[in-house]
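Going line by line, the protein sequences match chains G and H. Here my numbering is used: the first sequence runs in plain steps of one and ends on residue 568. Here my numbering is used: the second sequence runs in plain steps of one and ends on residue 217.
These are computed hints drawn from the structure, not numbers from a lab. Heads up, none of these hints are tricks.
According to the in silico footprint, chain H covers these stretches of chain G (three or more CB under 8 Å from chain H):
(1) 140 to 147
(2) 217 to 227
(3) 250 to 259
(4) 287 to 296
(5) 336 to 345
(6) 355 to 367
(7) 417 to 431
If we take Cβ atoms under 10 Å as the criterion, some of the chain G residues that face chain H in the derived model are:
(8) S152
(9) A266
(10) I348
(11) W508
(12) E509
Some chain H residues well away from chain G (every beta-carbon gap over 10 Å; in silico):
(13) L31
(14) E45
(15) E48
(16) P51
(17) G61
(18) R64
(19) A68
(20) W140
(21) A166
(22) D167
Using N, Cα and C, we set each Cβ at its ideal position, and we do this for glycine too.
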Amino acid sequence: MTAASPATTENVSDMPSLGDLVNEKLVLWHFIASLTYVMIAMLAGLLFSLQLLQIYPFPEMELLSPGRWRMVHTNGVAYGFIANAFLGALYWAVPRLTLRRVLSVKLSWFIFVAWQVVVLSTVVGLLTGYAQAVEWGETPIFIDPLAVAGLILVACNFLTPILKSEGPMYVTLWYFIAAFVWTILVYAMGNYIPQFFVGGTASGAIIGLFIHDLVGLFVTPIGWGLMYYFVPILLKKPIWSHGLSLVGFWGLAFFYPLNGIHHFLYSPIPMFLQYGAVIATIAVELVVTTVVVNFFLTIRGRGDALRTNMPIRWFYIGMVFYFTTCLQCAFQVSLTFQKIIHFTDWVVGHSHLVMFGVFGFWILGIMTHLFPRLLGAKGWFRPSWNEWHFWLSGIGLFVMFFDLMIAGLIQGFMWRDLAVWESTLTASRPFWLLRTISGTAIIIGQFFFIFNILMTAVHKRTIEPTAQPSGIDPIGSALAS
Amino acid sequence: MFESKAGVLLIAGLFFFALSFVVMGLLPWMMYINEPEQTLDDLVAGGVIHEFVELSERFPDRFAQHFPDGVTRTSFAAALKRGHEIYVAEACWHCHTQQIRPVSGEDSRWGPVSHAREYQNVLQRPVLFGTRRVGPDLVREGARHSNDWHVAHFHTPTNVAPTSVMPRYPWFYDADEYPNRDGMSIITYVQWLGSWLAEYPYYRGEGPGGARFGYTQKVTDAAVTP
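Required output: the full structure, derived from the provided sequences and hints.
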């Protein structure tokens, strides 16, 4: 029960130097790619929201068709923003946790280039009309093999140091090992089976599994793995309970994949399978509670960090949103809720809360923590701009989530009451306007962050270390703790 | 076991995933294994929907240009196939569902509740259930509106439905605003949706008639040159 810190049992003097271990350039470039794609994806989201307000600026241009940009929005977030940021963070964390280099630096750069080719060609493919009818897997069919090959190379690159490492494994590495295996399987399953092996209702079941597993078996385990790594380091105290983290990991591994069909409740998929998915989803909520409790008992006594430490604030607000989203999920999968909220904006609000409010926030927290160091600066150019980044993102996201949740209820009840379809659009309009405004606030927040990064890079030699811990990790504290 | 590499890799990584695939994927797959998937040829075997014939009468020159075979099952199949491709490529399925649930009054609004058998065809591979309804469900859309309505609507939706938030699709039209091949195909596809039902066309009150999932009643066989 002592494996509370990421350090292993090896003697400090035997360890390779940090410079040999971690290639910070890789981390930096993945983060830059990630931020580039998040801006493209958010722009795409903004464009689509303008269509809902009937003020779309480019109605006659095929390549700027809102429907196509909606797919750029969702795919850009998943494969451009989140995947790149995770890869960067993995290059930072895995060598530190295993005290071993990744398989090969050349391979790592090859993966970097290959992955950007995958994402860019996906964007081009979607805009030119080659989408595949798998939600969140719209990646054109001819790009899928490259993506699967890329994921296999990623797994080889990181599993090598993990499997070679000795001694007990820290919880982060359980999540990472499982996630590398799952991501390959999930991607291949979702993109190939419903297209080439089975169609119709059965393919709906598999698509449900794919949508859900992409969040649950790729994004969630890597996200939580990174939290188990960064939170104790930044708080300089061990995670509260190793036993509870075991419950969290194994509970996720067992229950999460069994949720797939809950995306198609009341569909022609057999009802007994729908019931099974509902029960497994409620079980996930219980598992999630153990993980969240573990983290909140970890920060107990160090609540001041929420005020003084930007990354910790991003992480923990993300965890509050995580608990919210999972609690919401446990209710919304009930058949009672489904009657009303399925197909409405409630679900859109839910997915924004998960992808941006939780995993986006964690990623931005990690970036806030690492960027000055990666750029060779002693601190941020303007720590206050990071506050703007946080509050604009946080308030924008919360308003968007709440707004869409209410909009969803109104739409759902109006549909049930057999209101004329057009009137449900009129009723949605004020909510869609507020969504565009809150989305714009989020985008402005990201501009604060990106501008801060640029200015930090330009002025890196003259920046003084900030008095309050802005999230800069003293060199090597990851190894020394 | 629970903290070892092999345990995590084999039990969590492979075994639990395989278990979920069997329960959530393979089980429904096996349940429909005896329900053969209809090919495009099967779908048009009963004939051609009325609306496809109507397109050829409304735009005779353009139709002949886009479908040189005339009103045949082959042309109809080609239009359905292309229409489905457009439906996927333009992400229509992100804002329009294709399933009627047995709750929330959906059968009053749109028509009979969806049945698994309706999805056993190549144009539901991958299935187009959809997860969001910005616009109405489309799986009972066939013949609900006229071809003329669709021609106007795809070009500028707000002209026929002022509150509509659907995008415009000017690239479905020739320069002189007649529907091109893509335009005729997507209209054919949308008009086909639901045409397999005995109650088709649901909104004209003309049903029920015809064989189950066949077109026999509505097929204009006279116009078909096999």
